[in-house]
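J.: Sequence:
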Amino acid sequence: MAPKIQVVQGAAQVPCRIEEGPGAYTDIVGSAETAEKPIVAGVWTLADIEEETPAWETEWDEVKYIVEGEAVFKDESTGEEFLAKTGDFVWFPTGAKTALVRSSNLKTLYTEQRHANWAEDRNEAIAETDTRLKELIQSFIESNPGSAKAAKDAASVLPGGNTRTVLHQTPFPLVLRSGSGVSVTSMDGDTYIDFVSEYSACMFGHSHPRIHEAVHEALSIGMNLGSVIGKEAEFGSLIQKRFPSMELMRFANSGTEANTLALTGALAFTGRKEVLVFKHGYHGSTISFPLGADSPTNLPYQFVVGTFNDIEATRPLLRAEIGAILVEPLQSSGGMVLGNPEFLQFLRDAADVLGAVLIFDEVVTSRLDYHGLQGYFGIKPDMTTLGKYIGGGFSFGCFGGKREIMQQFDPTTKDFLAHSGTFNNNVFTMVAGIAGLKLTTADEIHRINNLGNKLRKKINEMVLEKGTLEIKAIGFGSAIGFHFVSERGEIVRDIFYFELLKRGILIGRRGFAMLNLTHTEAHIDRLVEAFSDIVSTFT
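First residue of the sequence shown: 9, per the working numbering; consecutive thereafter.
Incorrect hints may have been included.
Stated by the list, open to error - Straight-line distance between alpha carbons at most 16 Å, and here's what the computed EDC-like set of lysine to aspartate or glutamate pairs gives:
(1) K93 <-> E78
(2) K388 <-> D357
(3) K105 <-> E60
(4) K410 <-> E255
(5) K510 <-> E143
(6) K82 <-> E58
Just so you know, the hints here were simulated from the structure itself, not pulled from any lab data.
Take these sequences, add in the hints, and give me the full structure.
T.: Here you go:
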């Protein structure tokens, strides 16, 4: 029977199923696996890239046709950079060495020639990584019976056995019973260097002596007095010293609350309904956009979802109905992607033109500069939200900004916005928050930022030197995101997570790392050495 032609309608809309580092692809059609020089065609998408990737060598001739977005590619042999936009072809001949300088909203259709046994080699590599991960998971299960039991007990009263989705792990989470300084100890008595730092909230390390003293002071005052307690002004003044854009502020109990109330104030102030946010943005459990689309758990605001760091894609979304623009200067849950200063300034200018309120969500990023990333970039928002470590390790959220916006929450004014919360000024948070802010000096922030910069540099240099895996460490200062750029990126990422546990090191399973005030250069070197050991096991 003669071969038949194939027509794939809407090929550019085919979902990309195979994750490969920050991107994903799907082979749609191709030659028979027995073909001597098989041709394969498919669709490939890529997450937005802001830092240049390590160079890769093309294994076979390939052409990509850009159907959406743009990217800048660099020819490593000549140093020449090429901007490719929608409607352009990019030709990658066999042996070409290419680096991706940056990309925005990139989607391509590709056709490539593969070697005759590509499918066999690919299937063998897949089987090897799958087997390795299964063995690591089995070893984890056998080594952590205490965690297994604790997780099972928790699942009898909590959906999934946890109190927040980020703590969900398969086969079960590493359950921790204590922490001291830079280390945490599991239910099975094993100690790990902690590079998670409670997803940025543990700025001071575990059980810091000064925080201990503050807790004892709080106990001597009383846990919650049901009135103004005389600590709010000192706490607020320390916050205002670091973030002068917060002319007035209000306290809450989480970053989620802070962002919710900031949006309430912004929309009431402008009298509008729409909020411009960005895909991969996270502003709390009820305001998140992990895949770009609205989440079923989100609050019923009228969200307009844009593309982070893409001015041209954002420009058409700007309209008179937008009352607030909510953005993280660095998308932490989105992979530690730093905002372009040009993009953030564009949002500042757009808010001014529209008469909208620009809100910087600095719940995570406030730790990256003494004055937050707003201070680092020199861009002043209308409102700022804070949380995480600012409360000294206790539950805390804060929103503030221009006086005329925040005065809406003043009960002495007409038609004020009511804002309640039993624990908004609880004694523990007020006292520990004051102690924590005094610990978080500009010098200490600078020190751990330098450690983070060294960590990323050493990891990227080591990976490039070994050349067996594509791993990219990105982020800013003490915030680090590890991206595993390979066809089996998710599997390789999980292998690294469990291999690091075997070496006494804890990172976030999604490739998340955050430094705190107790980390030193020795801890950084330990993590780099462990990464190097694991990379060496891949061929």
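J.: Now tell me, hint by hint, if it's right for this structure.
T.: Going down the list of hints, with the structure as the test:
1. K93 <-> E78: Measuring from Cα to Cα gives roughly 4 Å; hence the hint holds.
2. K388 <-> D357: holds (11 Å)
3. K105 <-> E60: holds (14 Å)
4. K410 <-> E255: holds (5 Å)
5. K510 <-> E143: holds (12 Å)
6. K82 <-> E58: holds (14 Å)
The structure fails none of the hints (numbered hints given earlier).
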